[in-house]
Amino acid sequence: MNVVIDQTELEHFGYQLLKAMPEHILNRGLSYYHEERVVFVEMVGRTLIANVTGSEFYDVVLDLDWVHLHSRCSCPYEDICKHMAAVFFEVYATYQSPEVFVTKLLASRAGGHGAGVALNTMSQTAPEPEVLAKLQEDDDFDTWLNGLRHRIGYVDEKTIYHQVLSLDNRVEHAKEVCATWSDNTRDRFELLLYLYAMQTAGTLLGASLSDNYYARTLEMALRRYGSFISSLLNTSRVSSAAADAAWNARLVQFIREGFVRQATPNESILQTVCFVYEYWLAEVLSLSEEIAWWEDVEADSSQHRQEIVRLMLSYFYTKAGDDAKAWLMLDGLDPKFRAVFYFINLDVLVRERAWARAYGWLKHITSDDVKLRQWDLWRLSENWVVVAQHHEDARSDCEAFLTENESLSQPYLMRFYIMTEQYRAWVDYCLFNDLTITGIEREELRHVEKAAPEYLLPLYHQTVERCIRLKNRAAYKVAVRHLKKLSTLYKKLKRQDDWARFLNQFTSRYTRLRALQDEMRKRGIIT
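So the sequence shown is numbered by my numbering: it starts at 62 and just counts up by one.
Some hints here could point you the wrong way.
To be verified - Mimicking DSS-like on lysine-lysine, the simulated pairs with C-alpha atoms at most 27 Å apart in a straight line are: (1) Lys538 to Lys553; (2) Lys511 to Lys545; (3) Lys555 to Lys538; (4) Lys511 to Lys546; (5) Lys195 to Lys236; (6) Lys532 to Lys555; (7) Lys195 to Lys165; (8) Lys553 to Lys532; (9) Lys546 to Lys532; (10) Lys583 to Lys538; (11) Lys552 to Lys583; (12) Lys397 to Lys386; (13) Lys511 to Lys532; (14) Lys511 to Lys538; (15) Lys386 to Lys424; (16) Lys380 to Lys424; (17) Lys236 to Lys165; (18) Lys545 to Lys555; (19) Lys80 to Lys195; (20) Lys538 to Lys552; (21) Lys236 to Lys80; (22) Lys545 to Lys583.
Derived from the structure by calculation, the hints contain no laboratory data.
All values reported here derive from a predicted model rather than from experimental measurement.
Work out the full structure, taking the sequences as your base and the hints as a guide.
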């Protein structure tokens, strides 16, 4: 196992990966680890690639930075599974017993964090839950908002940890109010509900920034509510649900007053606000009126609020087609927020298919902005590939950028080679970096197999040899599976004679590996 990762970082990753996993599945993952079912683990960039044996062989990918977005397993289970847990335990065992981590994880679920930290930032006035329960489908914006204030805006817990749990529970209960409403009305209510929950969590965050743990807890809550809004706005009902002009006018006012005038800028909140403008309000928004309003408040804002105003103005200037003013608004701001809005504005241009303008933004972004955090560089790499795919003038700059930052943009450089049909460069890159079939995106493999299958032969040969070097039956089974694929490729290329010669040499070379020979007979490769 060739894995190098700091123990503290690994523990933080494990908590993010397994925090919501049911205890019985967690225990199954622990059993898989002890039964030595993890037969292969390697680290490629910031990704763990592994094979786990269960009822069959499963390919596991664990992304250390995009934990839930890019981590996956080839098993049919649709959530974080026991195979993924087993791989984490296999890596964690190089530092400490996995049982120690599981004990810490279960203790944190029981409310062990933050037990002695008192923080009461919300109203202590007794709530009136019946106000929410009495809400009707045809009530106006402010009636709904008043109901949410009585149910969501009241938090009586004494710690941040329990305040967040209480907030989550109150949000779930509030959703029950609109369960029988029409789709369009329910969408509007849930949008307001999640926005109000984000506003509440943002208030708590502003009071807890001095404590890293509580700040991280609330940041996770904000990202969670942001993802709920993202899922809501991705539904096909949005255009009809957003048709109520009066309701939307009140929504804009609520966003301005409740979010963008907060004393402390927050990345998740600002991204969500732009998302709502982009997908919910796009058809009804007057850009000229919005820009005029923001320009009016820019002059008399405090330093923090002026930063928020300038960030939002950069977004609206981009939508209005004035890139020069948008860049000017971002100059001199906090590099973290500047980088965030570079990508928000790039997303606007990509959605509008304004490829030449997007190319201009990519050239404008400085290295300082994208080196702040690793995933910023990955997002920039992805944008370069997307723009280069549609704008040929960007391709040489795209390849230069990806090559210069190759250690962190490896998957995007591979995608670029596929996109530009540089299959020889693609396979040479895979072989030079000792990549196996398991570590390559399946979509890329399917594309190359369809367009130029001959280039896959050396990759499958390399993967087979890597598996055999592990010298255990589970790895031999994986090797034989790839041998079957090799025979299919040779047949597809009408090179059966080459396959026969290779198989004869392969069998002679490994004649002493009886377990391997046995697996080959079981799969019908040899007789």
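Here is what the structure says about each hint:
A threshold of 27 Å between alpha carbons decides the hint, and for Lys538 with Lys553 the separation of about 23 Å falls inside it, so the pair holds. Under the criterion of a C-alpha separation no larger than 27 Å, the hint pairing Lys511 with Lys545 is consistent with the structure, at around 18 Å. Under the criterion of a C-alpha separation no larger than 27 Å, the hint pairing Lys555 with Lys538 is consistent with the structure, at around 26 Å. As the CA atoms of Lys511 and Lys546 are separated by approximately 14 Å, the hinted pair is consistent with the 27 Å bound.
With a CA separation close to 13 Å, the supplied pair Lys195 and Lys236 stays within the 27 Å bound. At roughly 32 Å between alpha-carbon atoms, Lys532 and Lys555 are farther apart than 27 Å, so this suggested pair is violated. At most 27 Å may separate the alpha-carbon atoms for a hinted pair to count; Lys195 and Lys165 exceed this at roughly 42 Å. Using a Cα cut-off of 27 Å, the hinted pair Lys553 and Lys532 is violated, with the two alpha carbons roughly 30 Å apart.
Taken as a hint, the Lys546 and Lys532 pair is honoured in the structure, with Cα atoms around 21 Å apart against an allowance of 27 Å. This hinted pair checks out: Lys583 and Lys538 have alpha carbons roughly 10 Å apart, not beyond 27 Å. Our distance criterion of 27 Å between C-alpha atoms is met by Lys552 and Lys583, whose separation comes to about 20 Å. Distance check on the hinted pair: Lys397 and Lys386 sit about 19 Å apart at the alpha-carbon level, within 27 Å; holds.
For the hint pairing Lys511 with Lys532, the CA-to-CA distance comes to about 33 Å; that exceeds 27 Å, so the pair is violated. In summary, the hint linking Lys511 to Lys538 is supported, as the alpha carbons are separated by about 26 Å, within the 27 Å threshold. For the hint pairing Lys386 with Lys424, the CA-to-CA distance comes to about 16 Å; that is within 27 Å, so the pair holds. Simply put, Lys380 and Lys424 have alpha-carbon atoms about 19 Å apart, close enough for the 27 Å limit, and the pair holds.
Pair hint Lys236 plus Lys165 does not hold up; C-alpha atoms about 32 Å apart against a cutoff of 27 Å. Distance restraint check for Lys545 and Lys555: the Cα-Cα separation of roughly 15 Å lies within the 27 Å cut-off, and the hinted pair is therefore satisfied. The suggested pairing of Lys80 with Lys195 is violated, with an alpha-carbon distance near 35 Å, which exceeds 27 Å. For the given pair, Lys538 sits about 21 Å from Lys552 by alpha-carbon distance, which is consistent with the 27 Å threshold.
Of the supplied pair hints, the one linking Lys236 and Lys80 holds, its CA atoms being roughly 24 Å apart against a limit of 27 Å. Restraint check for Lys545 and Lys583: the C-alpha separation of about 12 Å stays at or below 27 Å, so the hint holds.
Hint check: violations occur at hints 6, 7, 8, 13, 17, 19; the rest are consistent with the structure.
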